[in-house]
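My request is simple: use the sequences and hints to build the entire structure.
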Amino acid sequence: MSNVTRPLSPHLSIYRPQITSVISILHRITGVVLYAGLGLIIVFLVVVGYFPDNYGLLHKCLASGIGRLALFGWTFSLYLHFFNGIRHLFWDIGKGFDIPTVNKSGWAVIFCTLVATIFSWVIAYHNTGAF
Amino acid sequence: MKKTTGSDFRSPLGRARGLGSAKYGVSHWWFQRLTAVAMIPLFIWFIASVITVMISPDINIIVSWFSSPVNSLLIVLLFCAMFFHAKLGLQVVIEDYVKAPCCKYTLLLGNIFFCVGGVVICIMAVLKLHLFGVN
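Heads up: the protein sequence lines correspond to chains C and Y, in order.
Heads up: the first sequence begins at 3 in my numbering, then just goes up one per residue.
Heads up: the second sequence begins at 23 in my numbering, then just goes up one per residue.
Hints may contain errors.
List time: in silico SDA-like cross-link candidates among lysine to any residue, alpha-carbon distance up to 20 angstroms [what the hints assert, rightly or not]:
#1 LYS97/C x LEU56/Y
#2 LYS150/Y x VAL49/C
#3 LYS62/C x VAL72/Y
#4 LYS150/Y x VAL59/Y
#5 LYS97/C x ARG55/Y
#6 LYS121/Y x VAL138/Y
#7 LYS121/Y x ILE31/C
#8 LYS150/Y x VAL45/C
#9 LYS97/C x TRP51/Y
#10 LYS97/C x VAL59/Y
#11 LYS97/C x GLN54/Y
#12 LYS150/Y x VAL138/Y
#13 LYS150/Y x GLY33/C
#14 LYS106/C x ASP94/C
#15 LYS150/Y x PRO54/C
#16 LYS62/C x ARG55/Y
#17 LYS121/Y x ARG30/C
#18 LYS126/Y x ALA38/C
#19 LYS62/C x VAL48/C
#20 LYS97/C x VAL72/Y
#21 LYS62/C x VAL138/Y
#22 LYS62/C x VAL49/C
#23 LYS150/Y x ARG30/C
#24 LYS126/Y x ILE44/C
#25 LYS150/Y x CYS102/Y
#26 LYS97/C x GLY108/C
#27 LYS62/C x ALA126/C
#28 LYS150/Y x TRP51/Y
#29 LYS62/C x GLY39/C
#30 LYS106/C x VAL117/C
#31 LYS150/Y x ALA126/C
#32 LYS126/Y x ARG30/C
#33 LYS126/Y x LEU110/Y
#34 LYS121/Y x VAL34/C
#35 LYS62/C x LEU42/C
#36 LYS62/C x LEU56/Y
Rather than coming from a laboratory, the hints here were simulated on the basis of the structure.
This is the structure:
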């Protein structure tokens, strides 16, 4: 059934990573990360709505080092998926398909993600009075 | 022979051979975009709410946020778009990477149960907080 002499396309790991391919797989990875984040949203709302006495414990977990690291990862994932999602919507209407534009918009996604993530955390720390 | 039009992406040969999406391909694609567009403004409002209200150690600040009808409405709309978008997205990931049929269909079912259950739980909690507060 299978033809062993059939030429195989090179494995993915042989290619030099490019901004386009890296963001493409990051879009999928961040999507899965955000799916896990839905679990936190469910837990958060159930605790606030139905177990308000345990809110202190939940807040303590989220404000811990590991909690903050997870939240930072989610913030980054949200913004990357958000900005790259907008990039995808432009492709869907047929805009920005040429290689120079695709590379430029890719770097713009990275730039906007980093700026928005840091900006959000500065505001969050400012609001909690840590700054 | 019928000409290929803008609303039918299959080539005449592909149509004759019965290739392409069997049934739901276009609606999957369309709802993924629909929910994505809906979430653009909702997401900006949501992240602003999280970094100003939801990170508060005081639960009363969070509960009073839900007493606003605008906040409750927008967050329910966001949850509908978000869980739908998540269901469509993870479905594709499962279909791409999980080969064994038993695992694949278990995960596809689990995906739907998680998203439908999740959105109902979230909306119930929002309505409860909106109508009754923490009592």
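Checklist entry - Going back to the hint list, which numbers does this structure go against? => result Of the numbered hints given earlier, those the structure breaks are 4, 6, 13, 16, 20, 21, 23, 24, 28, 31, 36, listed in rising order.
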